[in-house]
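Colleague: Here's the letter readout for the chains.
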Amino acid sequence: EAGVTQFPSHSVIEKGQTVTLRCDPISGHDNLYWYRRVMGKEIKFLLHFVKESKQDESGMPNNRFLAERTGGTYSTLKVQPAELEDSGVYFCASSQVEGGKSTEAFFGQGTRLTVV
Amino acid sequence: AQKVTQAQTEISVVEKEDVTLDCVYETRDTTYYLFWYKQPPSGELVFLIRRNSFDEQNEISGRYSWNFQKSTSSFNFTITASQVVDSAVYFCAVGDAGGTSYGKLTFGQGTILTVHP
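Those protein sequences? They're chains E and A, same order as listed.
Number 108 in our numbering belongs to position 104 of the first sequence; there are no gaps in the numbering.
Number 65 in our numbering belongs to position 62 of the second sequence; there are no gaps in the numbering.
Hints were generated in silico from the structure; no laboratory data involved.
One should not assume that every hint holds.
To be verified - DEER-style ranges, computed between Cβ atoms:
(1) A:VAL16 with E:GLY103: 39 to 47 Å
(2) E:LYS55 with A:GLU18: 45 to 53 Å
(3) A:THR83 with E:SER57: 39 to 47 Å
(4) E:SER13 with A:ARG53: 24 to 32 Å
(5) E:MET43 with A:ARG53: 42 to 50 Å
(6) A:ARG31 with E:LYS19: 37 to 45 Å
(7) E:THR22 with A:GLY65: 28 to 36 Å
(8) A:TYR67 with E:THR9: 39 to 47 Å
(9) E:LEU88 with A:ARG31: 32 to 40 Å
(10) E:PRO85 with A:SER64: 25 to 33 Å
(11) A:ASP25 with E:LYS45: 15 to 23 Å
(12) A:VAL17 with E:GLU61: 40 to 48 Å
What the hints assert, rightly or not - So the derived list for chain E, only partly shown, Cβ under 7 Å to chain A, looks like this:
(13) SER31
(14) PHE49
(15) GLN113
Cβ coordinates follow ideal geometry from the N, Cα and C atoms, glycine included.
Starting from the given sequences, assemble the full structure and let the hints guide the process.
Modeller: Encoded structure:
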């Protein structure tokens, strides 16, 4: 069974440009999460989807970030326009719901974003 | 608000040594979950363990063991007889138990473990 897959693995863009990150969760997982790790710091929660609905987006840093999950399958995270401080590793995770509770979250390998 | 402190930024050991990674957490929740994840060089975060706050029993899984001390808000991780393949970044995390999701986690900064042959 395929794990959580993220595209691209690396992205280098110039300040002011737009970048779209994609996450394919494990098939059948309703919960999908985005996290970000800025250089050397802790991994921080960005938002949580349950199917196609945003359950919690309290961690989104500002309105330059837009996350979508059309059809409740894969998700995209768009940064527009990108700023230098957006550089970091963006992780996606997914989990299933069993018996009213979710399983632990399975993470992807992350997308390393560098804004220059 | 929740917070996790992993005071050890980097640890370096020689193969076969035992090593303990420290984790101290803060939470106002009376019920919560604690986690450890491993990040090998390939980049993904690999789930290692989830522990409920009401279960203070220590757990052992092969060479891995975890010591949960609610009185000191610590959830330390010990690797016995370390191996080169244990080299990775290890993250401790806390999550609330209020909802149906284990996925909204507060992570520590991670500890880089290097095991030398």
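Colleague: Verify the interface restraint on SER31 of chain E: the C-beta must sit less than 7 Å from at least one C-beta of chain A.
Modeller: 17 Å, violated
Colleague: Starting from the range 32 to 40 Å, see whether the pair LEU88 of chain E and ARG31 of chain A falls in it by beta-carbon distance.
Modeller: With a Cβ separation near 34 Å, LEU88 of chain E and ARG31 of chain A satisfy 32 to 40 Å, so the hint holds.
Colleague: Is the hinted range of 42 to 50 Å satisfied by the C-beta distance from MET43 of chain E to ARG53 of chain A?
Modeller: 28 Å, violated
Colleague: Can you let me know if the beta-carbon spacing of VAL17 of chain A and GLU61 of chain E is within 40 to 48 Å?
Modeller: 46 Å, holds
Colleague: So the hint says 28 to 36 Å: do the beta-carbon atoms of THR22 of chain E and GLY65 of chain A match that?
Modeller: 46 Å, violated
Colleague: Against the range 24 to 32 Å, how does the distance between the Cβ atoms of SER13 of chain E and ARG53 of chain A compare: consistent or not?
Modeller: Once the Cβ atoms are compared, 27 Å apart, the range 24 to 32 Å for ARG53 of chain A and SER13 of chain E holds.
Colleague: Take a look at whether the Cβ-Cβ distance between ASP25 of chain A and LYS45 of chain E falls inside 15 to 23 Å.
Modeller: About 18 Å separates the Cβ atoms of ASP25 of chain A and LYS45 of chain E, which means 15 to 23 Å holds.
Colleague: Just to be sure I understand the hint, the distance between the Cβ atoms of LYS55 of chain E and GLU18 of chain A should be within 45 to 53 Å; is that true here?
Modeller: 46 Å, holds
Colleague: Go ahead and decide if the range 37 to 45 Å is satisfied by the Cβ distance of ARG31 of chain A to LYS19 of chain E.
Modeller: 39 Å, holds
Colleague: Do PRO85 of chain E and SER64 of chain A keep their Cβ atoms within the hinted range of 25 to 33 Å?
Modeller: For PRO85 of chain E and SER64 of chain A the Cβ distance comes to about 46 Å; the hint is violated.
Colleague: Report holds or violated for the interface hint on PHE49 of chain E, using the least CB-CB distance to chain A and a cut-off of 7 Å.
Modeller: 6 Å, holds
Colleague: The hint names GLN113 of chain E as touching chain A; please verify it with the least Cβ-Cβ distance against 7 Å.
Modeller: Hint holds; GLN113 of chain E Cβ to chain A Cβ min 4 Å, cut 7 Å.
This entry does not satisfy hints 5, 7, 8, 10, 13, going by the numbered hints stated previously.
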